[in-house]
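Going down the list, the protein sequences come from chains A and B. Residue numbering for the first sequence is 57 to 309, as defined by this note's numbering. Residue numbering for the second sequence is 21 to 147, as defined by this note's numbering.
It is worth saying that the hints were derived from the structure and are not from the lab. All C-beta atoms in this analysis are idealised placements derived from N, C-alpha and C, irrespective of residue type, glycine included. Keep in mind that a hint or two might mislead.
Pair ranges (Cβ atoms, derived) [stated by the list, open to error]:
#1 H187/A to V44/B: 52 to 62 Å
#2 R152/A to R91/B: 44 to 54 Å
#3 K197/A to A73/B: 41 to 51 Å
#4 K197/A to R56/B: 44 to 54 Å
From chain A, some residues computed to sit far from chain B (all C-beta separations above 12 Å) [as the list claims (entries may be wrong)]:
#5 V117
#6 G154
#7 G189
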Amino acid sequence: MPLITLPLIFSLITTVISIVFAVMVLSRWRSALKEGKQRPHLRAWGIGLILYAIGAFSQVVLTFTWSPIFFGLWYWAGALVVAPWLGQGTVYLLVRRGNIARNIEMALLLVSIMTLPWTLFLTKMDPTAWHAGIDMNEIVKLVLQKGGVRAFVPVMNVWGTLELVGGAIYSAVLFNRKQVLRSRMIGNWLIAAGGLLPALGGALVAVNLTAFNYLGIMVGVFLIFLGYLQTANATDDARPAPQRRAAPETVSS
Amino acid sequence: MDLLPTLLTIHYWISRIGIIVGLVMLVLALYIGLVRHGDVTKWFRRGTYAVTAFIGIEFLIGVTMYAMGARPHEDVHIIYGFGALLSLPFFIFVETTARKRPAMGSYMWAFALMVAIFMRSIMTGAA
Numbered sequence: 057m058p059l060i061t062l063p064l065i066f067s068l069i070t071t072v073i074s075i076v077f078a079v080m081v082l083s084r085w086r087s088a089l090k091e092g093k094q095r096p097h098l099r100a101w102g103i104g105l106i107l108y109a110i111g112a113f114s115q116v117v118l119t120f121t122w123s124p125i126f127f128g129l130w131y132w133a134g135a136l137v138v139a140p141w142l143g144q145g146t147v148y149l150l151v152r153r154g155n156i157a158r159n160i161e162m163a164l165l166l167v168s169i170m171t172l173p174w175t176l177f178l179t180k181m182d183p184t185a186w187h188a189g190i191d192m193n194e195i196v197k198l199v200l201q202k203g204g205v206r207a208f209v210p211v212m213n214v215w216g217t218l219e220l221v222g223g224a225i226y227s228a229v230l231f232n233r234k235q236v237l238r239s240r241m242i243g244n245w246l247i248a249a250g251g252l253l254p255a256l257g258g259a260l261v262a263v264n265l266t267a268f269n270y271l272g273i274m275v276g277v278f279l280i281f282l283g284y285l286q287t288a289n290a291t292d293d294a295r296p297a298p299q300r301r302a303a304p305e306t307v308s309s
Numbered sequence: 021m022d023l024l025p026t027l028l029t030i031h032y033w034i035s036r037i038g039i040i041v042g043l044v045m046l047v048l049a050l051y052i053g054l055v056r057h058g059d060v061t062k063w064f065r066r067g068t069y070a071v072t073a074f075i076g077i078e079f080l081i082g083v084t085m086y087a088m089g090a091r092p093h094e095d096v097h098i099i100y101g102f103g104a105l106l107s108l109p110f111f112i113f114v115e116t117t118a119r120k121r122p123a124m125g126s127y128m129w130a131f132a133l134m135v136a137i138f139m140r141s142i143m144t145g146a147a
């Protein structure tokens, strides 16, 4: 089997895009912090993007060699925690009441910390199905036993996708209705589409259609990146709206 | 007196009492937060610190028993032990640093999660 496969190429591109994206988001978070401004949504997205990169990079490593640590990292980062961490940024922007967003982040942190050593050290893996160049999605059910840490996957993914996609759509609809900040509205639609693609790819894996997953992940992070740039560079292009109420800060302000 | 059975007994009872105390604290948090719409009281916070200290003792007993060669029924019991230890401090951090008051919601999350983790811990710890 040739080693240079489409999943490998997609994963390499995804790794590069997510690292660049993570550096941009986290630098912005740090500069805001230095100015005394709290921007927890940027921190949450930064963590999510690092996890995105870890998942994609692990697939690159696993194309060439079997490593239980990288398989564990691929599964933990890519299948378990990336979606809710990306979604957590959206929660910070949309849920302003009390300390709800901070508490959700703590619950997420707790689950992330618990599932990491569980996946890496306490989950039995059977590498006999692995060979060089294989797409991990094709063998994941053979490598990992049912139950255990796998039980967290649907919960975490539904949690993350609802937050990310639901939040982005909600913001976009809100801006559209108020006819303000058009570029941010477009950005939010891009983020929603970007969040939906990996989820769709993951759903297709569940029905053994693995080919679209890495393409979905790559295009997904690219669309989120575009959406982020669109919203981050948005100038105040609001149309005059005298009765305009204060809108949420929006995804990726 | 043999140390291991003694530690096992203490570990057993702290976990069972922990669930009851956790449930009581959860009900109190719900009452203060949702019914009275009040903020965290001094005594409630002290109670939370006391529960955290007991979980710390429970964790140390578990570590000691592990070092002495005892093993839980399932390995994942160790993960739930870590989870139980971390469940309250994370939310104590949120509450004590919260700018928005009241912040009783943090303890509702904390004790609900703590009780759930304790239950899973008990299910995976005993043979």
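Checked hints:
no., hint, result
1, H187/A to V44/B: 52 to 62 Å, "55 Å, holds"
2, R152/A to R91/B: 44 to 54 Å, "47 Å, holds"
3, K197/A to A73/B: 41 to 51 Å, "43 Å, holds"
4, K197/A to R56/B: 44 to 54 Å, "50 Å, holds"
5, V117, "25 Å, holds"
6, G154, "5 Å, violated"
7, G189, "33 Å, holds"
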